[in-house]
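J.: Sequence:
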Amino acid sequence: LNYIKANVMEASKEYGEESLFRIFGPPEGQYATSLTSLIENSEWKSEADLIQAYLESMKFAYGEKNRNINAKELFNFMLSHVDIVAQIRDTVEYEITDLDHYYEFLGGLTKTVENARGSKPLVLVADTTREKIKVENAEDAVKRGVITRTINPKWLDSMLNHGYSGAMKIADRVEYMLGLAATLGGIQDWMWNKAAENIVFNKERSEKIKRENPWALRKVISRLLEAEKRGYWKADKETIRKLEEEYLQLEDILEENIYVKGGG
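Residue numbers (my numbering): 1121 to 1384.
Do not take every clue at face value.
[Claimed, not checked] Quick list of simulated restraints, FRET-style, between CB atoms:
1. Glu1163 / Asn1322: 29 to 37 Å
2. Ser1239 / Asn1190: 23 to 31 Å
3. Asn1122 / Arg1264: 58 to 66 Å
4. Leu1121 / Ser1285: 40 to 48 Å
[Stated by the list, open to error] Straight-line Cα separation of at most 16 Å, EDC-like style, residue types lysine to aspartate or glutamate; simulated pairs:
5. Lys1328 / Asp1277
6. Lys1185 / Glu1137
7. Lys1357 / Asp1292
8. Lys1133 / Glu1193
9. Lys1354 / Glu1324
10. Lys1314 / Asp1356
11. Lys1339 / Glu1167
12. Lys1339 / Glu1365
To be clear, the hints were calculated from the coordinates, so they are not data collected in a lab.
Virtual Cβ for every residue (Gly too), placed ideally from N, Cα, C.
Assemble the whole structure, with the sequences as input and the hints as a guide.
T.: Listed below in structure tokens is the structure:
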């Protein structure tokens, strides 16, 4: 059986000439999807909202004669026949845990394919940063990124040498963990535990973040609590209690700062 021919014939019967489209993306003049804003603002009730955001943003088809065609149903049909999702890594500067675009596009595509076909596809990352290309499972790439960056004490301390902006980069990485957990997967309980331990519960480090950028520490804690609430992290009650306590203390500090700066 020629599976490619069979799929083409099936698509042709349903969608006619539009079935020839193979390139899909955002509408002309745009780049990103609305998925990241949902994660950033915690404005999603379930993963279905993230899938819908990805579909609505990436449903526009581009071909030789036509472009910017709204083809949501065709796009979803095509995704239902996808077995493998792949991402190329072409720079050592970033792991797939270092940018929101990775959970946005690789994660968004993976989750939408999973929804369309009823099972998760094989997800691979091709590392082209060396002479010999290395292909690995996305879970291994996520694990390496979290270990070497997000929860790595040396990396955390190096970021804190950059003051306000460095502290916010730490907070961003924790947010990306949540985005990956909701789309791509591969974020395990021990990773959340280490993030809490090395960032929030490390007194010296957390005090430095408070001095440099207390909003960043609040963001870290809020993302950890959100991960637990959404079921991506099975944390013990004592850990959650301590996080909530830290969060409330930060709220007092931030309110006091605003009051002082406001001349109250």
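J.: Against each hint, give a clear statement of whether it holds in the structure.
T.: Taking the hints in turn, this is what the structure says about them:
1. Glu1163 / Asn1322: 29 to 37 Å: holds (31 Å)
2. Ser1239 / Asn1190: 23 to 31 Å: Since Ser1239 and Asn1190 have Cβ atoms about 27 Å apart, the given range 23 to 31 Å holds.
3. Asn1122 / Arg1264: 58 to 66 Å: violated (38 Å)
4. Leu1121 / Ser1285: 40 to 48 Å: violated (56 Å)
5. Lys1328 / Asp1277: holds (10 Å)
6. Lys1185 / Glu1137: Within the cut-off at roughly 11 Å; holds.
7. Lys1357 / Asp1292: Violated - the C-alpha atoms of Asp1292 and Lys1357 are around 25 Å apart, more than 16 Å.
8. Lys1133 / Glu1193: holds (14 Å)
9. Lys1354 / Glu1324: Roughly 26 Å between the alpha carbons, so the hint for Lys1354 and Glu1324 is violated.
10. Lys1314 / Asp1356: holds (13 Å)
11. Lys1339 / Glu1167: The hint is violated at about 21 Å.
12. Lys1339 / Glu1365: holds (14 Å)
Hint violations for this structure: numbers 3, 4, 7, 9, 11, all remaining hints satisfied.
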